[in-house]
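Protein chains: 2
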Amino acid sequence: MHTSNKLASKKLAEASLESLYRIFTVPEAPDSTLGQIDQSISQNLAGFLQQHIVAAERDLADIERDFADPHIPEQPTFVSDQIQFVLDKLVAQSVHISAPSFVGHMTSALPYFMLPLSRIMMALNQNLVKVETSKAFTPMERQVIGMVHHLIYQQNDDFYQRWMHDRGHALGSFCSGGTIANLTALWAARNNVLAPQGDFAGLGQDGLLAGMQHYGYKGMAVLVSERGHYSLGKAADILGIGRRSLIGIETDANNKIRTDLLARKCDELKQQNIKVMAIVGIVGTSETGNVDPLDAMADIAAERGIHFHVDSAWGGPTLFSDKYRSLLKGIERADSVTLDAHKQLYVPMGAGICVFRNPETLSSVEHHAEYIIRKGSKDLGSHTVEGSRPGMAILVHSGLQIIGRQGYELLIDQGIEKARAFADMIKANPDFELISEPELNILTYRYAPADVQQALLAAPVNLRKEVNELLNGLTKRLQKTQRGLGRSFVSRTRLNPVKYDRDPVIVFRAVLANPLTTLDILTDMLAEQQEIADSPAIQELTGQIRQRLRGTEHHRE
Amino acid sequence: MHTSNKLASKKLAEASLESLYRIFTVPEAPDSTLGQIDQSISQNLAGFLQQHIVAAERDLADIERDFADPHIPEQPTFVSDQIQFVLDKLVAQSVHISAPSFVGHMTSALPYFMLPLSRIMMALNQNLVKVETSKAFTPMERQVIGMVHHLIYQQNDDFYQRWMHDRGHALGSFCSGGTIANLTALWAARNNVLAPQGDFAGLGQDGLLAGMQHYGYKGMAVLVSERGHYSLGKAADILGIGRRSLIGIETDANNKIRTDLLARKCDELKQQNIKVMAIVGIVGTSETGNVDPLDAMADIAAERGIHFHVDSAWGGPTLFSDKYRSLLKGIERADSVTLDAHKQLYVPMGAGICVFRNPETLSSVEHHAEYIIRKGSKDLGSHTVEGSRPGMAILVHSGLQIIGRQGYELLIDQGIEKARAFADMIKANPDFELISEPELNILTYRYAPADVQQALLAAPVNLRKEVNELLNGLTKRLQKTQRGLGRSFVSRTRLNPVKYDRDPVIVFRAVLANPLTTLDILTDMLAEQQEIADSPAIQELTGQIRQRLRGTEHHRE
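Quick mapping for you: the protein sequence lines, in order, are chains A and B. All letters in the first sequence, in the order written, are residues 1 to 557 by this note's numbering. All letters in the second sequence, in the order written, are residues 1 to 557 by this note's numbering.
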């Protein structure tokens, strides 16, 4: 009995093992649920998303009920059952990122070829940490880094011939996104500031404390405009200098860093014996898409021997445009530059790049191990924050080839021009107020009828603040209502416009990078906002605001 | 003339824009190059790889010539041309990671369903940094983190009910891989050690220097066995404590940390006023797959109030196995645990997880911003090193459902048992020497005929060192030759076996995680190594080694 039980259980295990092998060796049948989805995505992506993503918003707490079980199921689930679950519970309740009427995200529609190319990438499953697990993917990624380097720094052919595939150096670091790219740049900058000297083996070896003691610094700092991306604060935390050492410099009325204040702060810190390890310029602030005066910043950095980093995660691809490239003048003087491929290079999520003008800069973070990224190897892992990484560079490589400089130029130009047209549309509409003019393809605005706008500018400080606070509530509500309806989407953020003496002002934020977004779609979107604003609930709020403004006028009379 | 030129160029731009729209709106035709590849991968992945990956090795310098141009092409390239290039130059020269005879990598074959599922992920292109760009993917990822948490910590249902979807907390952090997972764990540990107190706002705000001064520490340290993964050294660099503060503790003959030395070092450092911010245990060292004595390490950490992190990037999934789970006893006492999904959860590259026993631990790295990951939101980005991230968790979720606990158990069990069988095969072969016994599914060995092994053990120290050095050259050459032939692949690494009094010994490293690797394949692989070893070139080297060993015997006579 016992033996036969054992035998039965052995047979069962063998049967299970057999069926387990099948999932590794037998493809999904074309007429299976998964096979059908696969074809439907391949043949009509927009249709698939339209059909399966439910437009109307479901409450998050409600969605969570479908993902409440912390237990890994004991028994295998049929592929078809799981896929049905994925369709009904996950796809249905995902966000329609690529919809042309969803202009609040920094990701947009993807070129069709990206999908089958991604399949090649997934099927090969290379690991870019080392040549041994990536082979040709390593030189390919080095070329992609080289191409982005050339886009920015335009060095001559000899330079790339010398450095692009050099085993001891890296012109940049390919990573999962702008956050890691910024971290990489500041990591390299920090380690170069506290470089080996005499009996100090360098920060990388001996640590921050020993480094600061060796060089006699009282502190370290990174300077960026108050519109700097939140990843910089996180980097300051991770790198050990602390968030308070990331110093936000005030911006002007156009959300650009005030270089007079930047220079002054540099000198102040120097007097306090606090070492500025990097100045960061922004090309396309996340909130308003503005570009810092890079040339002037480069001057300030150069005069003081400070690492100049440019975060062009969003706006870097503007360099493709003959017409608008000059907005970025000075970027070629940066010591390091971040650029996100999953934003305006139209690559799927998970691809960022940081390039360095000088091939030596990134050497300050170089590292090796025994079984991997050995010294003298060409393994890319010796200069990256991440270890194992997928071959996403294949998507960037193909994007650059298939779309080409001119193709990207068209994408950039039409985005900027669409943003200007949308800004004109808003300015022409008396019920809306443009808060930031688009410099690239991002703009912000809010619902504020002309009479309210006028009264607000004339109102005393306290009333203005109060009304702006009321308008903020209204904007928030309007944005959420529109999102909930599921037809269109703008994001929202909070700014401190100079116009209102830096009162916090919540705004709609439109990002116009999706080539499929037409002016008609934007007209409809604005009309929908108007319609929501005209609803009794919102009109009651607007009425209260008007009354509040009038009430004070009475007082003042 | 001028006007008509302008008009012509406008028309041209419109035509280009039109063709550009097409890549966003018109799917690849099924009979296009890309369409055909897509089908071929879907229907017969192994066949596709076999057909397109060239077996014989091409020189890397030669491959680099295909990726030498740093210029982004001005004009668009036809999709079909680029895809042909990808096939000929990239796919052909990639590494056949999933081949059953390639047992040197930590990535293996993928279940078929992962490919169409990846397409769904890519098509949706969600960004997990915030709910607004990921919706249901956020609770789904939280569930995946919860499931892995439960796998390790087995808390009760109330616990997960309370914490899994809590807006103020995260039970873990999903990321691109084990390196970031380890960095996340050590980041949290570091910030908890130098937590806010009195007028010190915490390391995250005030920085490492202020923190160490506030708490009066002379230094910080992380302790791990000398077999610790290189990502820990990198983390020590990035986090600012410096690589020298990552202290490697000697291992015993089985590559396990010597807990006596660990405890002693902790106490030594305390006396020197150096704060140990974490002790790291390893489950499956990269080189030998051994498991540290976690329970004893947990005791040491608990007695001293030190954060105990376990790096089970490789071996974590052993917990699925009823038979082998006990090897990991004590892991449930860890404060944080790293586990790579792209290793033994059989998910494509780019999926790692770090979980924390206590829901409060990760709060030390919590961060917020204005337009994103706002305070009180459930945005996952508030507790991650990375910012924008793809929805890879969908692949882990589906893997856990479709394969189930029992399925993963089978995968784990067969890997361990195959490794033992292969070890027996090596021990039975007089020409090979097993260097490390497989505890999980990794083992190391080298070519060293029985007489050489014997003479080596009897040899005086200097000769032994010299011969081991010669054998190292031989092993390296043998491994490279086999890799170059392209039929099979083992990796190599360098160990310091106690058997040889810690002489550096280069070894073959076999990782037996691919369910499609049979014992026959391993037999063939060993036979191929034997064949290479029997070649005149290698036999000459072996002859020299024998002579060298005999020469000294003469001397000693």
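Hints are computed from structural coordinates only; laboratory data are not their basis. Some clues are possibly wrong.
Unchecked claim - FRET-style restraints, in silico, Cβ to Cβ:
| hint | chain 1 | residue 1 | chain 2 | residue 2 | range |
| --- | --- | --- | --- | --- | --- |
| 1 | A | Arg487 | B | Asp157 | 55 to 65 Å |
| 2 | B | Arg58 | A | Lys375 | 21 to 31 Å |
| 3 | B | Lys499 | A | Pro30 | 51 to 61 Å |
C-beta atoms are modelled at their ideal positions from N, C-alpha and C, and glycine is treated no differently.
So does arginine 487/A sit 55 to 65 Å from aspartate 157/B, Cβ to Cβ? violated (39 Å)
Are arginine 58/B and lysine 375/A spaced within 21 to 31 Å by their CB atoms? holds (24 Å)
Could you see if the CB distance from lysine 499/B to proline 30/A stays within 51 to 61 Å? Holds - the Cβ-Cβ distance for lysine 499/B and proline 30/A, about 55 Å, lies within 51 to 61 Å.
In terms of the numbered hints stated before, the structure departs from hint 1 and from no other.
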